[in-house]
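In order, the protein sequence lines correspond to chains C and U. Here the working numbering runs 22 ahead of the position in the first sequence, where the first position is 1. Here the working numbering runs 22 ahead of the position in the second sequence, where the first position is 1.
Derived from the structure by calculation, the hints contain no laboratory data.
Identical copies go unnamed one by one, so any copy, or any two together, can satisfy a pair.
Think about it this way: if two alpha-carbon atoms lie no more than 25 Å apart in a straight line, the pair counts; the simulated SDA-like pairs of lysine to any residue are:
{"#": "1", "residue 1": "Lys235", "residue 2": "Thr61"}
{"#": "2", "residue 1": "Lys82", "residue 2": "Asn30"}
{"#": "3", "residue 1": "Lys236", "residue 2": "Pro185"}
{"#": "4", "residue 1": "Lys82", "residue 2": "Trp292"}
{"#": "5", "residue 1": "Lys82", "residue 2": "Met29"}
{"#": "6", "residue 1": "Lys82", "residue 2": "Gln96"}
{"#": "7", "residue 1": "Lys82", "residue 2": "Pro28"}
{"#": "8", "residue 1": "Lys235", "residue 2": "Ala269"}
{"#": "9", "residue 1": "Lys235", "residue 2": "Ser248"}
{"#": "10", "residue 1": "Lys235", "residue 2": "Thr194"}
Number of protein chains: 2
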Amino acid sequence: MKKNLPMNRAEHAQMAMMLEVCAYPKPGNVDRCHDYPDTRLEHFLASAILARPVFDAAEKTGGRVGTLIREAVQCTNGHSGGNTHFGAFLLLIPLVLGGDIDGARAVVAATDVEDAVEFYAAFGLTSVRMAESDDLDVNDPASVAAIRERGMTLADVMAYSAPRDMVAREWTNGFALTRRCADLLHAHGCGRESVVAAFLDLLATEPDTFIAKKHGEAVAERTMRSAAEVLDGKRDLAAFDAECVLAGINPGSIADITIAGIYVALGEGWQWDC
Amino acid sequence: MKKNLPMNRAEHAQMAMMLEVCAYPKPGNVDRCHDYPDTRLEHFLASAILARPVFDAAEKTGGRVGTLIREAVQCTNGHSGGNTHFGAFLLLIPLVLGGDIDGARAVVAATDVEDAVEFYAAFGLTSVRMAESDDLDVNDPASVAAIRERGMTLADVMAYSAPRDMVAREWTNGFALTRRCADLLHAHGCGRESVVAAFLDLLATEPDTFIAKKHGEAVAERTMRSAAEVLDGKRDLAAFDAECVLAGINPGSIADITIAGIYVALGEGWQWDC
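When you get a sec, could you build the whole thing from the sequences and use the hints?
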């Protein structure tokens, strides 16, 4: 009798979601020790649990990436915590469908207009806002008509959003930051401290576009420089975390990319448990 | 398009495991703010995630309760955190199979010798110790032979352990404390504070048999009285928690029963999210 069973891709995706939210301290984000008033640790963990059927379907029977993203949102938005993992699903669904980064690139390359329409339906289920400059407003039925008229695939929609959204940008650059995050995890070694270290490395080198949309580019740049000061030993991590939480500065896009990075690293043998 | 989907039984079981371990402060146990050196929050959450296929099987296709318990242990013991949920699975598997407490009672009543043999196989995969007085040692192959010879069903095995194990006792008394825990959750209202309140109510009225096996009856009784003093306002909850953690006094059996109580309460409409 086998003593235990290896994890499948769906489980790697769920574990990545769980490990990311539990890791602490992660400046500004919900973590083991911090909630926001409306979004709590339990909301993120519920989302990790409830996404399972969609990850299972993606792994076992494949399916349309746009539809699976919409279904992941539908499975996980039954709580009051708002959108917890929309960006993470944008990365995890192609990764689980394709298995790894190479496979995810192939999934992205094969998207079509129907995927884009399904994505807009998913978007409409969330409270995620597009940048104000976007003319493809998900609350405007005319947007779907415009997508069909222009023949935009989901990859085209992501390319359209990429300048202002680092999660969408992963679709256009071959999952470059996801790859970097996985490499950082391998470099930092096993366990949860490695998740925090990889997260801080990304935060110190990339302006988070979720922060930029909410607070402006300048705040995103300043947060990046502050994270670099933490790594240089010039700023205290706990104090930086407290400042971010107080100001509602949460690097949500880097969190999404960290989840994708953990998924990839787990598939490459990185050990979460040490 | 439905905005979100209702949870099924498997998801209620996983949510119960997640909500129990996140609730804090729970004196002496792993919670959001406390780990033990070898058993951490992430181990409990990994177990909640990885048990899904077994809960799904129990809900959708039924199956043998002893086999499902063994499979749940096999799905979830691939980490270094030791046995996190053996007692919880003893309660959750019949509850998911039967749907609710009435259904679980029927499952218990229908167990046979093969369930008992499977249970011993599950037990052998864990580091759970039986009380020293037990002559049915799971590490002794002769025990399985003895079970077959005596014609003991899994319900008989639980009745044999019931005097020294409050989780086994649930099988013999119709899930009485599980029922009481669910009633306490309804009475305390929605959300995670209610989980802590129900846990403390149980701790203040029942000596935890996991503590008794590890530290002796006197310590279990003393812990119960201390919990009652917390409820009477005569003792500080945080200080009591710290004392328990320092002494390794963890009420693991009451945690298992709390998980079962949350499962039942969720099925009856109790709201975790408020």
